[in-house]
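S.K.: In this text, residue positions in the sequence shown follow our numbering: the first is 30, and each later residue adds one.
One or more hints might be untrue.
[What the hints assert, rightly or not] Simulated restraints, written as ranges between beta carbons of each label pair: (1) 44 with 102: 30 to 36 Å; (2) 44 with 213: 47 to 53 Å; (3) 104 with 209: 39 to 45 Å; (4) 187 with 30: 39 to 45 Å.
I should point out that these hints are in silico values taken from the structure, not numbers from a laboratory. By construction, the Cβ of each residue, glycine as well, lies at the ideal position given by its N, Cα and C atoms.
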Amino acid sequence: RTVRVVEALLAARARGAQTLALSNTPDSPLMKAATAGIIIHASRKGWPTQSSTSAMAAVVRLGLELGKTLGIDPEKVDYYEKEFDKIPELMEQAIHMTEEKMKGMAERLYSKKMFFFCGGGPFFTCAEYGSAKVKEATPVYAMPVLLEEFHHYNTLKKGDPLFLIAPPGYSDQRALETIWAGKELGGSIYVLTSDNEEALIQEADEAVILPEAKECFANFVYAVPLQLFGYYLSVEQEKEARKKLGE
Numbered sequence: 030r031t032v033r034v035v036e037a038l039l040a041a042r043a044r045g046a047q048t049l050a051l052s053n054t055p056d057s058p059l060m061k062a063a064t065a066g067i068i069i070h071a072s073r074k075g076w077p078t079q080s081s082t083s084a085m086a087a088v089v090r091l092g093l094e095l096g097k098t099l100g101i102d103p104e105k106v107d108y109y110e111k112e113f114d115k116i117p118e119l120m121e122q123a124i125h126m127t128e129e130k131m132k133g134m135a136e137r138l139y140s141k142k143m144f145f146f147c148g149g150g151p152f153f154t155c156a157e158y159g160s161a162k163v164k165e166a167t168p169v170y171a172m173p174v175l176l177e178e179f180h181h182y183n184t185l186k187k188g189d190p191l192f193l194i195a196p197p198g199y200s201d202q203r204a205l206e207t208i209w210a211g212k213e214l215g216g217s218i219y220v221l222t223s224d225n226e227e228a229l230i231q232e233a234d235e236a237v238i239l240p241e242a243k244e245c246f247a248n249f250v251y252a253v254p255l256q257l258f259g260y261y262l263s264v265e266q267e268k269e270a271r272k273k274l275g276e
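Starting from the given sequences, assemble the full structure and let the hints guide the process.
M.R.: See below:
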């Protein structure tokens with residue numbers, strides 16, 4: 030229902046573009062204004078941002094189906110389809126592997142007033158998720174930072190927490206350099222990675238270990254602990270508020 034989003038879609042249609050809306054509300058203004066629409070089968074209830082990750086899944090599925098229709102190498106499409114089909118189970122694993130750890134982090138870090146979330150390429154999306162959950166659910170500040178942009182400024186101040194999203198892949202070395210730079214600035218670095226990234230694990234202040242997924246789909250898995258952290262941070266903030274009120 031966001032006015033500017035609907036206006037953008039209408040402006041595109043006025044220029045002759047085909048438009049595709051994704052929404053979990055069939056009769057929303059966006060769906061009515063678009064050339065075509067895809068229903069996202071998710072609500073805003075349950076674990077945080079499930080509607081957003083479901084939208085991401087719908088786009089991936091659309092890409093796979095387009096690949097089939099356009100005659101892309103069937104073996105290649107089949108390979109990525111099988112990798113994508115693993116994601117729901119990997120997300121479940123991520124919940125079981127990280128929930129208690131993120132809860133513990135929230136208990137230790139609840140008094141911080143500023144949080145940074147850093148990711149490169151597609152993993153900037155995860156950084157945005159982490160930042161959004163903290164800002165939506167608590168009264169403190171949070172900022173997403175692109176991995177490369179981190180190195181252009183003195184981003185952290187002494188004591189600031191930085192959550193670094195660093196799955197195995199092309200950004201490994203830059204992630205390691207980010208840990209070093211963050212520590213030099215006096216920050217505390219919490220890296221999200223897999224258990225075979227030994228250098229990242231050793232250099233960070235703390236590591237959150239996640240199951241491995243194909244790099245192009247790992248966003249789904251790495252979003253989970255960040256959303257859990259935002260939730261549990263809000264729980265701790267509420268506890269603190271109730272203490273101050275004498276409840």
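S.K.: Hints first: check each against the structure and report whether it holds.
M.R.: Each hint, compared with the structure:
1. Hint check: residue 44 to residue 102, Cβ distance near 33 Å, so the stated range 30 to 36 Å holds.
2. Distance hint check for residue 44 and residue 213: the Cβ-Cβ separation is about 48 Å, which falls inside the suggested range of 47 to 53 Å.
3. A hinted range of 39 to 45 Å for the beta carbons of residue 104 and residue 209 is consistent with their spacing of about 41 Å.
4. At roughly 42 Å, the beta carbons of residue 187 and residue 30 sit within the given window of 39 to 45 Å.
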